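So the sequences go chain by chain: S and Z.
Mapping of the first sequence onto our numbering: residues 1 to 398, in sequence order.
Mapping of the second sequence onto our numbering: residues 1 to 398, in sequence order.
Calculated from the structure, these hints are not laboratory results.
These numbers come from a predicted model, not from an experiment.
Idealized CB from N, CA, C, for every residue including glycine.
Don't take each hint at face value.
To be verified - Okay, the calculated beta carbon distance ranges per label pair: (1) Z:S164 / S:E316: 54 to 60 Å; (2) S:D73 / Z:P368: 51 to 57 Å; (3) Z:K122 / S:E316: 51 to 57 Å; (4) Z:F54 / S:E296: 28 to 34 Å; (5) S:H195 / Z:D5: 56 to 62 Å; (6) S:E68 / Z:P270: 24 to 30 Å; (7) Z:V389 / S:E316: 48 to 54 Å; (8) S:Q120 / Z:Q52: 39 to 45 Å.
What the hints assert, rightly or not - Coverage of chain Z stretches by chain S, computed from C-beta distances (three or more under 8 Å per stretch; other residues unrestricted): (9) 175–185; (10) 256–266; (11) 296–304.
There are 2 protein chains.
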Amino acid sequence: MPLRDHHQIVSVDDHLVEHPRVWQDRLPEKFREAGPRIVEQDGKHMWVYDGQTFPTVGLNAVAGKPPEEWGMDPVRYEDMIPGCYDPKARVADMDLDGVQSALCFPSFPGFAGGTFHRAQDKELALLCVKAWNDFYIDEWCATAPERYVPLAILPTWDIDACVSEAKRVAAKGARTVSFPDSPVPLGLPSFHSDHWDPLWQVCSDAHLPVSLHFGSGSYVPGFSFSSVKPVPGELVAPDAPFAVAITLFSSNLMWTTVDLLFSGKLQQFPQLQFSLAEGGIGWVPYILERSDYVWERHRYYQSIDFDARPSDLFREHFWGCFIDDEHGCKNRHEIGIDRIMLEIDFPHSDSNWPNSRKRAAEVLAEVPDDECALIVEENARRMLNFPRVSTPEPALAR
Amino acid sequence: MPLRDHHQIVSVDDHLVEHPRVWQDRLPEKFREAGPRIVEQDGKHMWVYDGQTFPTVGLNAVAGKPPEEWGMDPVRYEDMIPGCYDPKARVADMDLDGVQSALCFPSFPGFAGGTFHRAQDKELALLCVKAWNDFYIDEWCATAPERYVPLAILPTWDIDACVSEAKRVAAKGARTVSFPDSPVPLGLPSFHSDHWDPLWQVCSDAHLPVSLHFGSGSYVPGFSFSSVKPVPGELVAPDAPFAVAITLFSSNLMWTTVDLLFSGKLQQFPQLQFSLAEGGIGWVPYILERSDYVWERHRYYQSIDFDARPSDLFREHFWGCFIDDEHGCKNRHEIGIDRIMLEIDFPHSDSNWPNSRKRAAEVLAEVPDDECALIVEENARRMLNFPRVSTPEPALAR
Numbered sequence: 001m002p003l004r005d006h007h008q009i010v011s012v013d014d015h016l017v018e019h020p021r022v023w024q025d026r027l028p029e030k031f032r033e034a035g036p037r038i039v040e041q042d043g044k045h046m047w048v049y050d051g052q053t054f055p056t057v058g059l060n061a062v063a064g065k066p067p068e069e070w071g072m073d074p075v076r077y078e079d080m081i082p083g084c085y086d087p088k089a090r091v092a093d094m095d096l097d098g099v100q101s102a103l104c105f106p107s108f109p110g111f112a113g114g115t116f117h118r119a120q121d122k123e124l125a126l127l128c129v130k131a132w133n134d135f136y137i138d139e140w141c142a143t144a145p146e147r148y149v150p151l152a153i154l155p156t157w158d159i160d161a162c163v164s165e166a167k168r169v170a171a172k173g174a175r176t177v178s179f180p181d182s183p184v185p186l187g188l189p190s191f192h193s194d195h196w197d198p199l200w201q202v203c204s205d206a207h208l209p210v211s212l213h214f215g216s217g218s219y220v221p222g223f224s225f226s227s228v229k230p231v232p233g234e235l236v237a238p239d240a241p242f243a244v245a246i247t248l249f250s251s252n253l254m255w256t257t258v259d260l261l262f263s264g265k266l267q268q269f270p271q272l273q274f275s276l277a278e279g280g281i282g283w284v285p286y287i288l289e290r291s292d293y294v295w296e297r298h299r300y301y302q303s304i305d306f307d308a309r310p311s312d313l314f315r316e317h318f319w320g321c322f323i324d325d326e327h328g329c330k331n332r333h334e335i336g337i338d339r340i341m342l343e344i345d346f347p348h349s350d351s352n353w354p355n356s357r358k359r360a361a362e363v364l365a366e367v368p369d370d371e372c373a374l375i376v377e378e379n380a381r382r383m384l385n386f387p388r389v390s391t392p393e394p395a396l397a398r
Numbered sequence: 001m002p003l004r005d006h007h008q009i010v011s012v013d014d015h016l017v018e019h020p021r022v023w024q025d026r027l028p029e030k031f032r033e034a035g036p037r038i039v040e041q042d043g044k045h046m047w048v049y050d051g052q053t054f055p056t057v058g059l060n061a062v063a064g065k066p067p068e069e070w071g072m073d074p075v076r077y078e079d080m081i082p083g084c085y086d087p088k089a090r091v092a093d094m095d096l097d098g099v100q101s102a103l104c105f106p107s108f109p110g111f112a113g114g115t116f117h118r119a120q121d122k123e124l125a126l127l128c129v130k131a132w133n134d135f136y137i138d139e140w141c142a143t144a145p146e147r148y149v150p151l152a153i154l155p156t157w158d159i160d161a162c163v164s165e166a167k168r169v170a171a172k173g174a175r176t177v178s179f180p181d182s183p184v185p186l187g188l189p190s191f192h193s194d195h196w197d198p199l200w201q202v203c204s205d206a207h208l209p210v211s212l213h214f215g216s217g218s219y220v221p222g223f224s225f226s227s228v229k230p231v232p233g234e235l236v237a238p239d240a241p242f243a244v245a246i247t248l249f250s251s252n253l254m255w256t257t258v259d260l261l262f263s264g265k266l267q268q269f270p271q272l273q274f275s276l277a278e279g280g281i282g283w284v285p286y287i288l289e290r291s292d293y294v295w296e297r298h299r300y301y302q303s304i305d306f307d308a309r310p311s312d313l314f315r316e317h318f319w320g321c322f323i324d325d326e327h328g329c330k331n332r333h334e335i336g337i338d339r340i341m342l343e344i345d346f347p348h349s350d351s352n353w354p355n356s357r358k359r360a361a362e363v364l365a366e367v368p369d370d371e372c373a374l375i376v377e378e379n380a381r382r383m384l385n386f387p388r389v390s391t392p393e394p395a396l397a398r
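The whole structure should be built from the sequences, with the hints applied where relevant.
In structure tokens, the structure reads:
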């Protein structure tokens, strides 16, 4: 049994659904009406913010429901299990699932704050970013500091504000920042630009790995969805099932990885670390082999570092994670055994809750004990600087 | 030595550069001035057609040059080795390379005729499509029928004309048609639409596999290139090296594969076959595992076939190929040993010419003899209905 009782699962990708008072409890009075608040529309709970209405998509809170009942329609809070939005109930759900610690990404703000990035009133948007960070770190994580890993979002539209907020959250205990999987679809400079250098400096100095969650840059992959030409914003193939995009989401992170490997930024910031959240790992061996192949042949006529082989850069700067990736797990040594982590994805549809630990044990059945420890716990604790609190008995022995 | 002398390499992805008279020799007199012709500009050879000037990009004819001399600048015919544009010289180059047969995609027309798809004068464009097909089948392939596999492009803008041309070229010996890796970036209906059904019917009836070459739909992958929002047509990250796009080209074919697997068309046309040209194979195990995972969980609320598992559909309808894909080769049984082929990519920059056979022997060093025969020769001959001409002695024993 390679997944032993003393192995604590530290998940690097989970999600929370914000309760209705996250912003109403924190915004100055003059912004409360304009700030995010929950209204009832046609019997559904919807967010209202910045003159727009946003559904609480049902597919993002399916934990506890059989696949036959999943759907994209908006839902009410009562339709979700309380662990979606209540940190105490979540701990009970994690206990049931055999999971020790969770790193939760936002829902309404988008995985990296894209909702606030797109908003009109930037003074309010900055306050909303700070309010979410305060909510997650001071309210949610504080209920069980050993069980939740503090993460923060950033005001991506303003590099100076990004730097200030990154310093502020680092000082109050954040262990990682969530950043768009690519800034380009948000209209921002790419990873190749010097624009982000001051942020990479702070992240390097403060030991803040950058969590890149697929979709956090608002880009939907696949030829059949709205991100592809010729008419941006239009669903180009209304007959394509959304399952195509769900299958392909990791291609965002393939693109991101290759952008960063050829950007020169990893050499410029030797301490900078990137976590590929919800990207899977089974594609990594192919992409590294291909990156090296192209680097060998095409670095002569372009601005490309002659000395740093892309696959070496990957193993010094990237961390991958998976839920249920048998091919990736089998090829773990081509990826780097000290660079692979587990994710649970509660309460989203990829999650195996309440059988995450059981399923992980199946996927890791052929993996030796010491490698298992790295994958389910030690790599994540090292990346996040989130050490185990020593206890006489393992908290989750089962 | 697993690659034996009697194994003939049949490559399913090579390229030719059209000589200056391909269209001038074939178009009716009234269209000759407007049809594609070569002019000299600043000492370079350029195509003029449809009111525009097109370079003959140097990177597309690098065979025989060391990587230190590669570049994206236009070139003159004299800068290329004759095997780029002369079928007799090409046979000598293939002999030197240890390759028996080649399937050549067009250059000036785009891999699937995109240049003609975008042209204003559609009467001329249709004649240009037919002229290329006649040139390749009647002039190029006819010089050495055992060495060249006939392929045809289609007038993609008109489904009725597509059907007529597919029937015409099938009757004159075409073994495959080249089709855009996705029609969507060309402004055409997606693979999910019924629009293409008449073409799939002809391809099924005539045993014409559909060759999908990456980039043939004009889409450049990656967050840093012109195909990504927010401003279509603009290079969004001018500081990104083109090596990023070269590394990622196969993500086009990942998208295409998943579109087709969830389209229902493979069940509707049980004989329909797709060849993923220049896509590599190392990503296939991950994509199939991921497709099955999503299919297991997400088929309840969408229009998705309940009975056909995506990975089963892949092994009945798709063919992959590779040049130098160690990860893919190692995992060949997860892909399907009877579905993998070799490509040479002459005279492009991925090619190992004149060491293609030598390199293939290295990549296949651990592969048993019978599997080797499938990969380098028999699978391609079966897909293309291009049987070996029996000779007392192998033509290419070396």
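Results for each hint:
Against the hinted window of 54 to 60 Å, the Cβ-Cβ separation of Z:S164 and S:E316 comes to about 57 Å, which satisfies the hint. The hinted range of 51 to 57 Å is satisfied by S:D73 and Z:P368, whose Cβ atoms lie roughly 53 Å apart. Judged by the Cβ atoms, the range 51 to 57 Å given for Z:K122 and S:E316 holds: they are separated by roughly 53 Å. A hinted range of 28 to 34 Å holds for the C-beta pair Z:F54 and S:E296, which are about 29 Å apart.
With their beta carbons about 57 Å apart, S:H195 and Z:D5 fall inside the hinted range of 56 to 62 Å. The hinted range of 24 to 30 Å is satisfied by S:E68 and Z:P270, whose Cβ atoms lie roughly 29 Å apart. Judged by the Cβ atoms, the range 48 to 54 Å given for Z:V389 and S:E316 holds: they are separated by roughly 53 Å. The hinted range of 39 to 45 Å is satisfied by S:Q120 and Z:Q52, whose Cβ atoms lie roughly 41 Å apart.
Requiring three or more residues with a Cβ within less than 8 Å of a Cβ of chain S, the coverage given for the stretch 175–185 of chain Z holds, as 3 such residues are present. Counting residues of the stretch 256–266 of chain Z whose beta carbon lies closer than 8 Å to any beta carbon of chain S gives 5, which reaches the threshold of three, so the coverage claim holds. Against chain S, the stretch 296–304 of chain Z contributes 9 residues with a C-beta closer than 8 Å to a partner C-beta. That satisfies the three-residue criterion, and the hint holds.
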